[in-house]
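Residue numbers (the numbering used here), protein chains in the order written: chain C, 1 to 474; chain L, 1 to 452.
Be careful, since some hints might not be right.
Under the rule of at most 30 Å between Cα atoms (straight-line distance), these lysine-lysine pairs were calculated in the DSSO-like manner [as the list claims (entries may be wrong)]:
| hint | chain 1 | residue 1 | chain 2 | residue 2 |
| --- | --- | --- | --- | --- |
| 1 | L | K63 | C | K343 |
| 2 | L | K108 | C | K343 |
| 3 | C | K459 | C | K446 |
| 4 | L | K224 | L | K16 |
| 5 | L | K63 | L | K187 |
| 6 | L | K187 | L | K224 |
| 7 | L | K392 | L | K346 |
| 8 | L | K63 | C | K238 |
| 9 | C | K343 | C | K329 |
If you're looking for bench data, these hints aren't it; they were derived computationally from the structure.
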Amino acid sequence: MSRPKPTLASTFCGIECLNPFWLASAPPTNCGEQVMRAFDAGWGGAVWKTIGEPITNVSSRYSSIDWEGRRMMGFNNIELISDRPIEVNLQEIAEVKRRYPKHVVIASLMVESKRESWHDIVQRAEDAGADGLELNFGCPHGMSERGMGSAVGQVPEYCEQITGWVKEKARTPVIVKLTPNISDIRVPARAAKRGGADALSAINTINSITGIDLDTFQPNPNVDGKSSHGGYCGPAVKPIALNMVQQIQADAASVLPLSGIGGIGSWRDATEFILLGCNTVQVCTAAMHYGYRIVEDMQDGLLNWMGEKGFATIEDFRGLSLPNVLEWKQLNLNYQIVARIHKDLCIGCQLCYTACWDGAHQCIHLDRTAAAPDTTRTPGIVEAESARRISTTPIPKLDAETSGRTNAITPLERIPRVDEDHCVGCNLCSLVCPVENCITMERIDKDLPFESWEERVAKGLVPTGASEVMSTNT
Amino acid sequence: MSERVPFPLQIVTAPKVAERFGDLHPPFDRQAAVPEANRCLYCFDAPCTIACPTHIDVPGFIKKIASGNLSGSARTILDANILGASCSRACPVEVLCEGACVMHRYNKQPIQIARLQRFAMDALYESGAPLPFEPGAETGLSVALIGAGPASLACAAELRRRGIRARLYDARPLPGGLNTYGVAEYKLPLVESLREIEMLSQLGVDFHFETRIDASGLAELERKHDAVFLGIGLGAIHQLGVSGEALAGVTNALDLIAGYKSGSLTTVPERVVVVGAGNTAIDAAIAAVRLGAADVRIVYRRGAEQMSAFRFEYEHAKNEGVKFLWHVQPTGVRGDRVVEGIELTKLESTEDGSIVPQMGSEFVLEVDLIVLSIGQATHAAFLFESSSTFGKIQLERGRIVIDRATGQTSYPKFFAGGDCTNGGREVVDAVADGKRAGIGIAKWLEVQYVQT
Ligand SMILES: Cc1cc2nc3c(=O)[nH]c(=O)nc-3n(C[C@H](O)[C@H](O)[C@H](O)COP(=O)(O)O)c2cc1C
Ligand code: SF4
Ligand code: SF4
Ligand code: SF4
């Protein structure tokens with residue numbers, strides 16, 4: 001019996017989706033022509049660049065962080081919402097929906113915090129044919145100074161109230177897009193839920209200053225010599241977004257259908273968001289970096305992965321990782337691993353050695369070729385020894401002993417050794433090692449049953465007072 | 001300083017020749033250098049640093065390129081190797097730093113250390129910044145250095161940084177020794193060698209050119225200075241010892257290379273034979289190809305396995321069109337007034353391992369130019385003919401014996417380094433020797449003067 005062919009089609013708060021890949025509200029969804037080209041490329045949906053009273057943008061308005069040759073690891077903008085008239089945007093939405101009835105078009109909205117203004121824009125967006133509404137409570141720059149965007153998203157009462165106003169009018173699902181610029185994402189999430197939101201999307205961009213020009217002392221992006229804090233996104237923000245997604249999903253008062261956003265650039269990233277419970281994902285920076293075409297691999301990769309794992313639909317694996325994220329106090333204190341270096345893979349860079357000495361617990365040593373373990377040699381001593389070594393260029397004919405030398409095998413004296421009795425299993429060395437699988441973390445059996453901090457506290461094994469201090473980061 | 005003409009401006013360049021000897025390894029631009037620098041793992045106690053005879057902190061200077069600290073990178077290089085620019089071009093990195101790079105065992109591509117080193121050095125020159133070192137406070141001590149090649153230059157730099165006067169004497173009109181006159185132009189252009197030494201001269205080294213030091217001159221230098229450094233390199237290239245060797249059209253590899261580099265030689269005739277198969281022979285053969293010869297052959301007594309040239313040099317020569325004739329020995333040179341041919345005999349190995357001429361295998365190769373590159377003598381004779389003092393300097397197989405760590409000879413006031421002590425190795429070995437000797441001399445002098 002052959003497995004069913006996997007499908008990417010799914011439903012998100014009642015909206016039928018061809019696939020979970022949406023373009024986030026941003027420059028890639030600025031106009032109808034773009035959105036139609038994106039749909040042709042394979043995107044399942046688009047959240048229209050936020051519509052509201054047209055604004056004037058500054059230039060420049062983007063800056064980015066490059067990391068070791070990789071461009072745009074982190075991206076930053078001080079752009080505002082759409083600079084095009086509301087009517088034009090709505091006409092184009094109507095046109096797109098007429099031509100692409102099966103694709104999802106969500107109208108992202110932001111207007112002044114008045115009930116009538118929201119009622120009005122909701123009505124017009126739905127009349128244009130939008131499949132749903134996304135309330136932009138996140139924009140951290142420019143709009144917040146006008147009492148909109150994150151000025152709303154950061155105040156739970158406003159969040160709840162405006163969501164309520166929108167719900168009074170809306171016939172289509174209402175998605176509240178959350179700002180991460182807040183200490184606990186669950187607070188605005190709960191407020192949106194109380195206000196009646198049908199779904200959430202997270203995260204919007206994170207307040208940032210990407211850098212300062214060391215020649216001119218001017219920050220980026222440069223607007224006539226000055227700058228302003230902007231919104232950070234792209235690969236660099238994914239870990240933050242994943243954490244916020246998990247926090248929302250693990251909180252009964254917050255949880256709603258969720259569209260995950262933040263640093264998604266491939267099917268792998270998207271799958272991680274879905275495993276933490278997201279129904280759809282939204283992409284901005286990756287599409288700005290490489291164009292719409294990236295969605296081809298997103299669909300292809302996800303389908304292949306689903307096929308390999310035997311998942312027929314998104315729902316089959318959505319949220320599967322949620323039970324694996326616990327609070328620290330619930331983790332097993334008796335689980336013990338140690339580092340093991342695989343001699344055959346080691347290239348002798350000794351990064352693990354210096355990392356464990358300076359950054360961890362001084363339990364990697366360079367005494368493999370010594371007669372007896374020598375734990376007294378420090379990195380400083382090792383370096384001083386080799387500084388005194390005198391070498392010359394090996395000349396084949398003159399130096400017979402060096403002619404057969406090969407650099408294909410790592411000399412034993414360069415391969416470090418882990419003192420397993422002292423290794424605390426912190427993992428640092430295996431993260432530092434440039435060779436995949438060269439350092440593995442192996443479980444050592446201590447014959448001890450599962451025991452968490454919580455249990456220790458319950459058994460009264462912990463001094464009174466300590467349990468209070470050990471609360472989570474919430 | 002006076003209106004001395006900077007070294008690089010003292011040379012006549014031959015544009016045609018320069019054109020034909022374009023860079024073997026083109027320089028990096030920033031877009032390529034930074035990702036390459038980031039590829040370096042920053043190994044602890046890095047094997048590349050150990051493999052470099054001057055022990056340049058390779059990961060250190062590479063990471064500074066990655067961070068955009070180019071002046072710091074150049075300083076890190078120069079601190080260990082004052083001729084870092086020349087070495088970045090002339091070093092056989094395949095058997096040195098890059099050969100030792102751990103990346104051979106990872107994705108098989110070593111970090112391009114030499115090109116990165118050149119990138120940092122070029123950036124320093126282009127910035128117009130001075131050498132990032134200053135002469136030490138004058139101590140009143142002085143050292144005479146014989147020969148202005150890499151060993152002496154490196155030694156002089158160490159001395160100047162410690163406030164010791166350094167006086168260099170060289171028989172040639174320009175400094176640099178083999179760096180300037182002997183390294184193939186597509187590796188190290190003559191101007192680059194001079195540009196580097198010009199910078200070094202900011203430390204206040206005294207140069208005395210076209211001054212040949214004989215035995216009595218040496219005795220005088222010994223009297224006038226607190227120590228003497230011998231960086232005299234090697235002597236003349238060996239002769240074949242066959243008839244016809246004195247004909248016009250017989251030259252040697254060093255003269256050929258020095259000739260085209262300094263612009264006095266711009267073409268060679270059609271058919272060229274190079275005798276010998278060391279790195280210098282390869283350089284000469286490739287030079288002949290690039291100077292216009294149609295047919296260039298290397299003849300060697302043994303097989304490819306026994307030649308002293310590096311493997312990659314051999315491959316390079318083949319790529320340039322040089323042909324190799326193994327197991328043959330020149331037995332005579334034919335010609336009337338000029339060379340017309342070279343008489344060769346095939347060799348075969350006997351049961352006891354020795355190689356002997358093969359009976360009746362003689363043949364003649366018609367050639368227009370014969371280039372000898374069969375090893376060099378040392379200047380040992382120069383020391384022997386000297387007065388009793390120099391007789392005290394211990395020699396071994398023609399090489400000056402030194403203490404490897406300090407460069408000191410058996411006669412304490414004399415130090416030595418480079419080819420005259422090791423029989424001919426790489427530029428970087430000479431620099432390392434010179435550096436150790438410079439430090440050694442300074443330490444030794446300190447002891448001498450503390451005692452008084
Ligand atoms: C230039 C730019 C403009 C944006 N404009 C909007 C906007 O108008 N409305 C909105 O809700 N989000 C806006 N965003 C935020 C994106 O929709 C998205 O939440 C964020 O970029 C994170 O996703 P990413 O990491 O895939 O880029 C903008 C982002 C960028 C880079
Ligand atoms: S896991 Fe941590 S403590 Fe153990 S060897 Fe690695 S770095 Fe050291
Ligand atoms: S980091 Fe990895 S490759 Fe490098 S020495 Fe340690 S185990 Fe070997
Ligand atoms: S051995 Fe290679 S990777 Fe390691 S520091 Fe040297 S150049 Fe970098």
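Each hint, compared with the structure:
no.: 1; hint: K63(L) to K343(C); in the structure: holds, 27 Å
no.: 2; hint: K108(L) to K343(C); in the structure: holds, 18 Å
no.: 3; hint: K459(C) to K446(C); in the structure: holds, 21 Å
no.: 4; hint: K224(L) to K16(L); in the structure: violated, 46 Å
no.: 5; hint: K63(L) to K187(L); in the structure: holds, 25 Å
no.: 6; hint: K187(L) to K224(L); in the structure: violated, 39 Å
no.: 7; hint: K392(L) to K346(L); in the structure: violated, 44 Å
no.: 8; hint: K63(L) to K238(C); in the structure: holds, 27 Å
no.: 9; hint: K343(C) to K329(C); in the structure: violated, 36 Å
Consistency with the previously given hints fails for numbers 4, 6, 7, 9, ordered from lowest to highest.
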